[in-house]
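Asker: Given the structure of chain C, go ahead and fit chain Y onto it with the hints provided.
2 protein chains.
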Amino acid sequence: MNDDAQQKKGLTRRNFLKSAGGVAAVAGMAAGGLAAGVREGSAAAGSMPKKWDGTYDVVIIGSGFAGLAAAMEAKNAGASAVVIEKMAVHGGNSIINGGDFCAPGTRLQKEAGVQDSPDLMYNDMMKAGLYLNHPELARTLADQAKDALEWCENYVGAKFTRLNFHGGHSVKRANQTVNASGSELVNKMLAKTRALGVAVQTRTKMERMIADKDGRIVGIEVKTGYRFPDEKSGKTAYIKARKAVILTSGGFSNDVPLRRIEDPRLTEKFESTNQPGATGEALLAACLAGAMDVQMDWIQLGPWTSPDEKGFGNVPLFCERLVGYGPMIDPAKGKRFFKETGNRKERADAIILLGHPVIIMGDSYAVPKQVFPRALEKGLESGAVKKFDSLEALAKNYAMPVEAFKQEIARWNSFVEKKKDSDFDCMIFPDARPTVTPPFYAARLWPKVHHTMGGLVIDTNAQVFGFDLKPLKGLYAAGEVTGGVHGAVRLGGVAMADCVVFGRIAGKNAAKETAWG
Amino acid sequence: MNDDAQQKKGLTRRNFLKSAGGVAAVAGMAAGGLAAGVREGSAAAGSMPKKWDGTYDVVIIGSGFAGLAAAMEAKNAGASAVVIEKMAVHGGNSIINGGDFCAPGTRLQKEAGVQDSPDLMYNDMMKAGLYLNHPELARTLADQAKDALEWCENYVGAKFTRLNFHGGHSVKRANQTVNASGSELVNKMLAKTRALGVAVQTRTKMERMIADKDGRIVGIEVKTGYRFPDEKSGKTAYIKARKAVILTSGGFSNDVPLRRIEDPRLTEKFESTNQPGATGEALLAACLAGAMDVQMDWIQLGPWTSPDEKGFGNVPLFCERLVGYGPMIDPAKGKRFFKETGNRKERADAIILLGHPVIIMGDSYAVPKQVFPRALEKGLESGAVKKFDSLEALAKNYAMPVEAFKQEIARWNSFVEKKKDSDFDCMIFPDARPTVTPPFYAARLWPKVHHTMGGLVIDTNAQVFGFDLKPLKGLYAAGEVTGGVHGAVRLGGVAMADCVVFGRIAGKNAAKETAWG
Numbered sequence: 001m002n003d004d005a006q007q008k009k010g011l012t013r014r015n016f017l018k019s020a021g022g023v024a025a026v027a028g029m030a031a032g033g034l035a036a037g038v039r040e041g042s043a044a045a046g047s048m049p050k051k052w053d054g055t056y057d058v059v060i061i062g063s064g065f066a067g068l069a070a071a072m073e074a075k076n077a078g079a080s081a082v083v084i085e086k087m088a089v090h091g092g093n094s095i096i097n098g099g100d101f102c103a104p105g106t107r108l109q110k111e112a113g114v115q116d117s118p119d120l121m122y123n124d125m126m127k128a129g130l131y132l133n134h135p136e137l138a139r140t141l142a143d144q145a146k147d148a149l150e151w152c153e154n155y156v157g158a159k160f161t162r163l164n165f166h167g168g169h170s171v172k173r174a175n176q177t178v179n180a181s182g183s184e185l186v187n188k189m190l191a192k193t194r195a196l197g198v199a200v201q202t203r204t205k206m207e208r209m210i211a212d213k214d215g216r217i218v219g220i221e222v223k224t225g226y227r228f229p230d231e232k233s234g235k236t237a238y239i240k241a242r243k244a245v246i247l248t249s250g251g252f253s254n255d256v257p258l259r260r261i262e263d264p265r266l267t268e269k270f271e272s273t274n275q276p277g278a279t280g281e282a283l284l285a286a287c288l289a290g291a292m293d294v295q296m297d298w299i300q301l302g303p304w305t306s307p308d309e310k311g312f313g314n315v316p317l318f319c320e321r322l323v324g325y326g327p328m329i330d331p332a333k334g335k336r337f338f339k340e341t342g343n344r345k346e347r348a349d350a351i352i353l354l355g356h357p358v359i360i361m362g363d364s365y366a367v368p369k370q371v372f373p374r375a376l377e378k379g380l381e382s383g384a385v386k387k388f389d390s391l392e393a394l395a396k397n398y399a400m401p402v403e404a405f406k407q408e409i410a411r412w413n414s415f416v417e418k419k420k421d422s423d424f425d426c427m428i429f430p431d432a433r434p435t436v437t438p439p440f441y442a443a444r445l446w447p448k449v450h451h452t453m454g455g456l457v458i459d460t461n462a463q464v465f466g467f468d469l470k471p472l473k474g475l476y477a478a479g480e481v482t483g484g485v486h487g488a489v490r491l492g493g494v495a496m497a498d499c500v501v502f503g504r505i506a507g508k509n510a511a512k513e514t515a516w517g
Numbered sequence: 001m002n003d004d005a006q007q008k009k010g011l012t013r014r015n016f017l018k019s020a021g022g023v024a025a026v027a028g029m030a031a032g033g034l035a036a037g038v039r040e041g042s043a044a045a046g047s048m049p050k051k052w053d054g055t056y057d058v059v060i061i062g063s064g065f066a067g068l069a070a071a072m073e074a075k076n077a078g079a080s081a082v083v084i085e086k087m088a089v090h091g092g093n094s095i096i097n098g099g100d101f102c103a104p105g106t107r108l109q110k111e112a113g114v115q116d117s118p119d120l121m122y123n124d125m126m127k128a129g130l131y132l133n134h135p136e137l138a139r140t141l142a143d144q145a146k147d148a149l150e151w152c153e154n155y156v157g158a159k160f161t162r163l164n165f166h167g168g169h170s171v172k173r174a175n176q177t178v179n180a181s182g183s184e185l186v187n188k189m190l191a192k193t194r195a196l197g198v199a200v201q202t203r204t205k206m207e208r209m210i211a212d213k214d215g216r217i218v219g220i221e222v223k224t225g226y227r228f229p230d231e232k233s234g235k236t237a238y239i240k241a242r243k244a245v246i247l248t249s250g251g252f253s254n255d256v257p258l259r260r261i262e263d264p265r266l267t268e269k270f271e272s273t274n275q276p277g278a279t280g281e282a283l284l285a286a287c288l289a290g291a292m293d294v295q296m297d298w299i300q301l302g303p304w305t306s307p308d309e310k311g312f313g314n315v316p317l318f319c320e321r322l323v324g325y326g327p328m329i330d331p332a333k334g335k336r337f338f339k340e341t342g343n344r345k346e347r348a349d350a351i352i353l354l355g356h357p358v359i360i361m362g363d364s365y366a367v368p369k370q371v372f373p374r375a376l377e378k379g380l381e382s383g384a385v386k387k388f389d390s391l392e393a394l395a396k397n398y399a400m401p402v403e404a405f406k407q408e409i410a411r412w413n414s415f416v417e418k419k420k421d422s423d424f425d426c427m428i429f430p431d432a433r434p435t436v437t438p439p440f441y442a443a444r445l446w447p448k449v450h451h452t453m454g455g456l457v458i459d460t461n462a463q464v465f466g467f468d469l470k471p472l473k474g475l476y477a478a479g480e481v482t483g484g485v486h487g488a489v490r491l492g493g494v495a496m497a498d499c500v501v502f503g504r505i506a507g508k509n510a511a512k513e514t515a516w517g
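Note that the protein sequences, when read in sequence, are chains C and Y. Every letter in the first sequence is one number past the one before it in my numbering, and letter 374, counting from 1, is 374. Every letter in the second sequence is one number past the one before it in my numbering, and letter 160, counting from 1, is 160.
It is worth saying that the hints were derived from the structure and are not from the lab. Do not rely on the hints blindly, as some may be mistaken.
When chains are identical, the list treats them as one kind, so a pair holds in a single copy or across two.
Dumping the calculated DMTMM-like pairs for lysine to aspartate or glutamate here, alpha-carbon to alpha-carbon at most 20 Å [stated by the list, open to error]: (1) LYS269 x GLU136; (2) LYS127 x ASP143; (3) LYS172 x ASP143.
Excised from the complex, chain C in its bound form:
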């Protein structure tokens, strides 16, 4: 009858007064802000396990870029650490990510003669984010992205060999991994993490955060041997976090019930680019333990996905390398309809407004020059990318009005010659050439749910804030599970930087916490 005893336990007058004394310390709270005693009403007080099945200084949930960066930094700062991962394989979305790491002032930018700065990157992020970004977080990311990239190269050993452009950025600043995939980085991170002596336990799902009476997160309840998505699988265990828990569980693009609450349009009719485990239960478990969420209704649709392949596929790599080199066409009219280098939200909204898929295309100069050979090859293999001997053949395949389309291509080419798009203000790169040389390549585009901008509120130390607007002791977070870094729109190529910058910060700071027991 433990639970009844607990229910009868009173909040004593003495305890109330004790906590009331803390009110004056609530920094920055306006009149009418949260008052005494609130923390006592939160979190998992009273649910401590009788025994812990494992004890570490730092417990990291999630094994993508952010989680592994956090694990390495925590371990290197002298903390014992463990990484748990609910899926059967490590890497989460990071392992299927396109491998573009935006940072200003990098080696590849210098080699390409690209002028860039943290200020420019910060301004691009804020503008795309509709200024909803938490400025200090966007600033931290822009300031530390280059250092984080160099850590990935020099410490982790990942290779970055190509400079790419993403819509919404002022310059080319996406440093791409040698295999055009996040797997290059995340696999090397995993090897390094293990070499440091940190275990990465797959099939281990966090069920609940455990807090002490003051609301401090002191550990987690997990299921080991969990087989996604079988919620009846696995065995309960308790892991004690002497210093802190770090949540790096990613976003919720594949969590239809949650995303329908945040943005009711995003029913099961919209596919996602994410791995199946990109669901929000870990984020929600943190909220149930008192953590505050923010801007959860900003859910990004990728404008470069194809209805002709599953998941992320190869078309995004095809499309994003071509924007600024080839036109995007509404097949119903054979005309362009939007700025190809516009940001993700603008482009996805424009396509959804048309109500049908559009095409992105390039010629035999632009495509081999821009598109990663394997992505092109795989796209052609699956049929998601098609190859045509003439503009007429291309038009016919997509049932486009041929003459209107040919006129539009001529118009586009005149813009490319002048390096100025008078219709939609698309950025046209210095090395772009008119789209004239067959064969032509094209792919259909229709948006898929790609990234969830919102998540837990963190400060520049990656410490999570609670609904009492105070730091939530014992809980850090980094990567897509956090909110505020990107505001309304995450720009392409900024996720890797986000995860590595804040993952490292979280790991270092978690290791500095005072151990509770």
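Answerer: Frame of chain C, contents of chain Y only:
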């Protein structure tokens, strides 16, 4: 050492298995959704008071339209009830509201020959809300608004005597109280509530929601004798809610720390139209007890407020009656710049983009015809509204280029003659006339924070949802403290309908709950 004992209490294997059995019942949860045991980690379990200072079936927090509607319905359904209000006076923002109650198919619409329907109102709400609205909530409001208005007239005894238009609506559907203020309704609601035997306790602030071990809300901790904004004032007491707590505490337009987390642009440099007590601590206390928030980053700026008066002032009533009858002018150019009848967000964004205040103006036909006499009189008295003998004098006062301005007025007048605005597609009402007859009246406009669209997730029963995506037993909510009804943008005149419709639903459903003790 109660707290230590509590901390040591374990979550037993038996309890874990018991709750695990409930997983299959989680309706609508995708794979990877919340699993067993989460509810045990939430809310205020373990913080029950030793004794209750008062016991009611239903405890209502907030004394605006929603709270009083809930109180009356709960009482009329046979429940005992109490209303607590943290401020010294009842009524919250409702008492300073403009008194416009949007509903389709009303008596005043019929008298004016206006064709309207719940479908039309629903579509207007969804379009303005950028389709982020929870459709079933918007539908409930549109379907029940007319009945709610008639309840206010026939049961409460409030008088509605005039039909107004608000930007973003397809037709005139705002039924205005006889004194152009929400006080007409809220004061009569208060009298009726008291006549029913329900006490309304002012200076009583909710500090914390109290939950039992299963997370059910069973009461609240309050401070009686609280003197806003002194957080050290007042005396702790506990009120037991045998059936339910209903949260109707309003929005957080005046809570700078909270609104800066949700939308970091909204620093203390932006004023608010709201009463000083419009802060978010009650909403946050609900979140700390496990309630889920949604769309909190959609914070509405009123485009019709003036920098020349404090708070809401009189200019909004001047401005909103004139749109569609007189032009809105950018004084820097002497030109119109946006659709006067556009929705609030569009107009506020357009003004912020200009970066300086604009003016709204009308002539001596439009102004006396449209503007409530007392609002005009008070505006003129304070100097926020000015009167000019000629267009030249008006232009001079705002340092406008005179000739450009006069040309623009001539252009506007040509649109009014044709009843079609070729520049910005402003709605021009059938009875509008060209702006030609002196004296002319004008006021400056600069946005202020007006309404917070986001808040607690509720269902159509006004029951609050938790972060486990399940109904949170014992907690209902209505009015501005809830989210999802309006999506991205609340249209003018829909707040009263929102509060009364969902306040009534909450009161009726709370009264039907099974008492727990």
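Asker: Against this structure, judge whether each hint is valid.
Answerer: Consistency of the hints with the structure:
| no. | hint | verdict |
| --- | --- | --- |
| 1 | LYS269 x GLU136 | between (36 Å within a copy, 18 Å between copies) |
| 2 | LYS127 x ASP143 | within (17 Å within a copy, 39 Å between copies) |
| 3 | LYS172 x ASP143 | within (17 Å within a copy, 52 Å between copies) |
In this structure, every one of the numbered hints holds.
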